[in-house]
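Enquirer: What follows is the residue order along each chain.
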Amino acid sequence: MKTKKSFHVAAIALCTAGTLLLAGCGSNGNSGNSGTNDGGTTAAGSPSSAASPSQADSKKETVKLTMWGGVPAENGPQEAVDNWNKLHPDIQIEYVRFVNDDAGNLKLDTALISGQQVDLYMNYAYSTLEKRVQAGNALDLSSFSEYDIDDKMGSAASAWKMDGKYYGVPTKKGGTYVWLNKDMLDAQGLEVPTDWTLDDMRDYANKLKSDKVWGLAEGDYFFAQSINSSIMKQSLEMTNSDGTSAFDNPFTVKTFEVYLDMMFTDKSMMPHTEQITSKPALDQMFVKGETAMLFSTEQIFRTTNNLTDFPRDFKVALAPAPKVTADQTDYIYNGGLGDVLSINPKSKYKDEAWEFVKWYADEGMLPLAKGGRLPSSKDLDADEAVKVMFEGVEDTYDLDSVKRVLLGADLPYALSQLDAKTSSDFQVVYDKVFSQKLTPEEGSKELARIHNDNLKAAAK
Amino acid sequence: MNAQVSRTLQRRAVKWLNTIIMAFLSLLLLSPMLWMISTSFKKPKDVFTYPIQWIPLDPVMTNHIKVWTTGDGFLTFYLNSLKISATLMILAPLLAALAAYGFAKIEFKGRNTIFFLYLCLMMIPQQVLFVPKFIMFDWMHIYNTHWALILPGLFTVFGVFMIRQFFLSLPQEISEAAFIDGAGHIRIFARMFLPLSKPVLATFAIIDFTWNWNDYENALIFLIDKNLYTVPLGMQNFMQEAGVDYNLMMAAATASVLPLLIVFFAGQKYIIQGFSSSAVKG
Amino acid sequence: MPPFFIPGKDGDPMSWMKRQRMLGYVFIAPNVIGMTVFLLVPALFSFYLMFTDWVFSSGRGPHFIGLDNFRRMVKEELFWISLKNTLLVMLPVPVAVIIGFLIAVMLNNRVYLTKTLRAFFFAPYFTSGIAIAFVWMVLFQPSEGPINAFLRSAGITDPPRWFSSPDTAMIGMLIMLTVGGIGYNMIIYLAALQDISTELMEAARIDGAKTRHLISKVILPLVSPTTFFLLITGFVGAVKGFGMIYAITQGGPANSTSVFSIFAYKQAFHFYEMGYASAISWTMFLLILLISLLQWWGQKRWVHY
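Protein chains in written order, with the working numbering: chain L, 1 to 460; chain V, 1 to 282; chain P, 1 to 305.
Because the hints were derived from the structure by calculation, they are not lab data. Warning: the hint list may mix true and false statements.
Distance condition first, Cα-Cα at most 20 angstroms in a straight line; then the derived PhoX-like pairs of lysine-lysine [said to hold, decoys possible]:
#1 P:K300 x P:K217
#2 V:K226 x L:K64
#3 L:K212 x V:K45
#4 L:K403 x L:K315
#5 L:K378 x L:K403
#6 L:K152 x L:K378
#7 P:K75 x L:K460
#8 V:K43 x L:K288
#9 L:K370 x L:K403
#10 L:K207 x L:K267
#11 L:K315 x L:K387
#12 L:K421 x L:K460
#13 L:K358 x L:K86
#14 L:K182 x L:K315
#15 V:K269 x P:K115
#16 L:K421 x P:K75
#17 L:K288 x V:K45
#18 L:K288 x L:K315
#19 V:K198 x P:K115
#20 L:K437 x L:K267
#21 L:K348 x L:K358
#22 P:K18 x V:K109
#23 L:K315 x V:K45
#24 V:K43 x L:K279
#25 L:K152 x L:K358
#26 P:K115 x V:K15
#27 L:K279 x V:K45
#28 L:K370 x L:K387
#29 L:K279 x L:K212
#30 V:K15 x P:K210
#31 L:K267 x L:K279
#32 L:K64 x L:K86
#33 L:K403 x L:K182
#34 L:K346 x L:K165
#35 L:K358 x L:K378
#36 V:K45 x V:K66
#37 L:K456 x P:K75
#38 L:K233 x L:K161
#39 L:K387 x L:K403
#40 L:K182 x L:K212
Given these sequences and hints, build the entire structure.
Expert: So, in structure tokens, the structure goes:
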């Protein structure tokens, strides 16, 4: 390459030119910004400047706030926001929906960092809220002392505390349950279970299955719930008292065994790896009568309540998640509070945002009950939420069992705080166990090994 | 005489056989699109049925109506997408042709080295660039504007490479003759190569339009205001918290294919027309 | 246009030629500058990041850690699985190029309904990625899918479980990627075939050249620049692209379909580990670069300009 030297010169020249163009485009971009936002509502940073200076007189100015949430607007949030906007003409909220997946959360985080107008936003996982707190993108709510989150939401709220402080208000409660096709149960003479075990569930599934009907379907990786539930009592980080992983235990092995039997011996549920790669719509399978039981969350209300698109002629009953063994005393059910509403510290309207947060938690979120979101605030009457939830479809549920399980406060609930990396690494182990590459014992040991490795790496 | 007739017949038979084989193959490749269209006319409960309903037993228009009428204005997203993709479809091939000519037909110092380095840019993985790009666009004040999609979209490695290969495959004599006649590169490029490269420009324009029309991730990260959203972002509305509303999603996808088909059929004329029949030949 | 680019009226051919040569830089300048700004600058930033432990949105800046990211990477089993799979996903590229070429030759003048068929072959390119992924998922569905139904009717009692088994998921992917690449290669070849004059083809045919010879001796050399282009961009696309794989298996089951790009995507988008993700991505870049360099050096042997 004899032209090396001249190439160097050219490269430097190009870089310089690049920087110049960079600057040029910057101004270009500015004009473009205002151009593309013609008639737009939320050009970055403009609301305050548009509203504040001239109106010094008595009239209160209208402020505009933006709230980001993961629930599609038409499933409740739009109605909630519209209700607020009617009540508060001076504080108008716009709802922006983001998809609660990796890319959607990255979008929210970049928007927060760049100072786009995001006044309020929802968190759906402890790990994402943690990131936002660390980045300084979630307001410490300690200063708003007149609202006692622990008192309003109950002790379960403390699961969302970070260093003893709240950076968001949890607004709903929920858990995982087994939804039942009551008519199929009746046909087999099976009771709606109130306290049952994995073996019972296997037995039910086996009796309920037929040529075209699975006995049980459940969310991807839901078997992990039984494993977690057996450990959470001792530590939400899923460790033993000496700080090592608690995953290698007989309950883990038993869980693997029962599920393997259901998948491959009884063939009463779809093999796990087949499910994750063919992605059936589980709640649709349930309402179409293609599975007799469905291990899932309250999210299925969106489908079970929609009789127009998904007509069904059976009643839906509800059972709690099964324990691993009958004599298990340390079983903690998976569930707790969620939908944590945070305020952006960069918001110009923190006080207004806070007013909205309180209203949303105490009454505003009611329209979301239709989609299965039970408000967690004690100010909101549970019966009223249930009424909204089942409006017009009461007859298609076995309300006794549904209310008993959804509202029954006597069961211990908690959410695991296993770190995101370990959770993601575990999926590989689960895939291997349920494609019979690892025995239940090996799987249990492998979970512990990975967890211990990650614990060690994190401690460094 | 007889032999010739039978040969013609034989040739025709082979041609028909080929046609049938190709038609079968193409249907196989076409099946996703057929599923997309048929699903867009299905009720939600009919989406997941085995075997697949290729023709909906109980077709409905509700999905298409819902896509266009509810939500935040699919039409706005559509126009935004059109604006961005059409702008790029016109400008990117021209800019690419310019560089392609430079790389293919002008012998300047370090040409091949620069070209290879330029090619290397194409090989840089995108996943890790979103955050640096976000920081840079924010600093340039083009974050959350359409410029964040248009400006980077103007420049492609792919297009330059594609057109360069085309220029290289043209007979050397064409440009040499003109060059000796005293025509400069600018004139040769504008008067000869641009008209000659209609097929490849059209092909690239179609591909470029398709890319930009379907670009999801850049739009997702760089556009915040709803009124700036493009069609792929609008489709997010049909992603529920637990799963996708396939019937609505496919109705939106079907609607979004329309401009691509128009661009394709408009461009196809040039692709077929090609070099041999073009006016310059004579 | 600056005056010195106008051919000298003084009739000094050398300086005119020189100026014409200098025009090369002008021709390439807009693209080179544009790419520098919008790709190279962010890329250089990410290049720097790979030596740091920077976690995006973590509230702290990048901290230089030397080659630690690479040490961590080679210790991960997932890295080696991804490397193997990334090499595997390159296999469909030449296959799809060959089939695409043959179909293009067919469509060019050996079939009826050319226009319709051409559109049919290209249509998948327009189809929503989600629809394509879904149809492949259905086709390969182990218990009810048509492929296994066919295999069973052909007497195979225990057909592969395709995407649902760590052993066969990658095979399913390779089949899908091969078929998926055909239409695109075909359309590019079609454009190239238009440049081969029909007279040349006819002349060769009258000379008694068999179809096979016509293809190998006349057509193939003439479209070799296109083939070179399709191979380079094909390999680059194969290594960088991950949409289909991600949509169907997210790299599973048990990481059996993980490729570099999914590995990097998860680190960047799920864990926000920009430093580590950059290290993975630049390793991936190195791999593509190596393959492209081999092709670049090899092109003299078979590409006819």
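Enquirer: Now tell me, hint by hint, if it's right for this structure.
Expert: Outcome of the hint check:
1. P:K300 x P:K217: It holds: about 17 angstroms lies between the C-alpha atoms, which stays within 20 angstroms.
2. V:K226 x L:K64: Cα-Cα ~15 angstroms, so holds.
3. L:K212 x V:K45: Holds, because 16 angstroms separates the two Cα atoms, which is no more than 20 angstroms.
4. L:K403 x L:K315: Distance of about 14 angstroms is within 20 angstroms: holds.
5. L:K378 x L:K403: Holds, at about 17 angstroms.
6. L:K152 x L:K378: Given pair K152 of chain L, K378 of chain L holds - Cα atoms ~5 angstroms apart, limit 20 angstroms.
7. P:K75 x L:K460: Holds, because 17 angstroms separates the two Cα atoms, which is no more than 20 angstroms.
8. V:K43 x L:K288: 13 angstroms, holds
9. L:K370 x L:K403: Distance of about 15 angstroms is within 20 angstroms: holds.
10. L:K207 x L:K267: Judged against 20 angstroms, a Cα distance of about 11 angstroms means the pair holds.
11. L:K315 x L:K387: Holds, at roughly 17 angstroms.
12. L:K421 x L:K460: Holds, at roughly 15 angstroms.
13. L:K358 x L:K86: Since the Cα atoms of K358 of chain L and K86 of chain L sit roughly 17 angstroms apart, the hinted pair holds (cutoff 20 angstroms).
14. L:K182 x L:K315: 5 angstroms, holds
15. V:K269 x P:K115: 10 angstroms, holds
16. L:K421 x P:K75: 16 angstroms, holds
17. L:K288 x V:K45: 8 angstroms, holds
18. L:K288 x L:K315: 12 angstroms, holds
19. V:K198 x P:K115: 18 angstroms, holds
20. L:K437 x L:K267: 18 angstroms, holds
21. L:K348 x L:K358: 18 angstroms, holds
22. P:K18 x V:K109: Within the cut-off at roughly 11 angstroms; holds.
23. L:K315 x V:K45: 18 angstroms, holds
24. V:K43 x L:K279: Holds, at about 18 angstroms.
25. L:K152 x L:K358: Holds, because 10 angstroms separates the two Cα atoms, which is no more than 20 angstroms.
26. P:K115 x V:K15: Roughly 15 angstroms separates the two Cα atoms, so the pair holds.
27. L:K279 x V:K45: 15 angstroms, holds
28. L:K370 x L:K387: 9 angstroms, holds
29. L:K279 x L:K212: 18 angstroms, holds
30. V:K15 x P:K210: 16 angstroms, holds
31. L:K267 x L:K279: Answer holds: K267 of chain L to K279 of chain L is near 18 angstroms, not above 20 angstroms.
32. L:K64 x L:K86: Since the Cα atoms of K64 of chain L and K86 of chain L sit roughly 13 angstroms apart, the hinted pair holds (cutoff 20 angstroms).
33. L:K403 x L:K182: 15 angstroms, holds
34. L:K346 x L:K165: 19 angstroms, holds
35. L:K358 x L:K378: 12 angstroms, holds
36. V:K45 x V:K66: Given that 20 angstroms is the threshold and the Cα spacing comes to 17 angstroms, the pair holds.
37. L:K456 x P:K75: 15 angstroms, holds
38. L:K233 x L:K161: 18 angstroms, holds
39. L:K387 x L:K403: Holds: K387 of chain L and K403 of chain L sit about 11 angstroms apart, inside 20 angstroms.
40. L:K182 x L:K212: 17 angstroms, holds
Comparing the model with each earlier hint shows no violations; every hint is respected.
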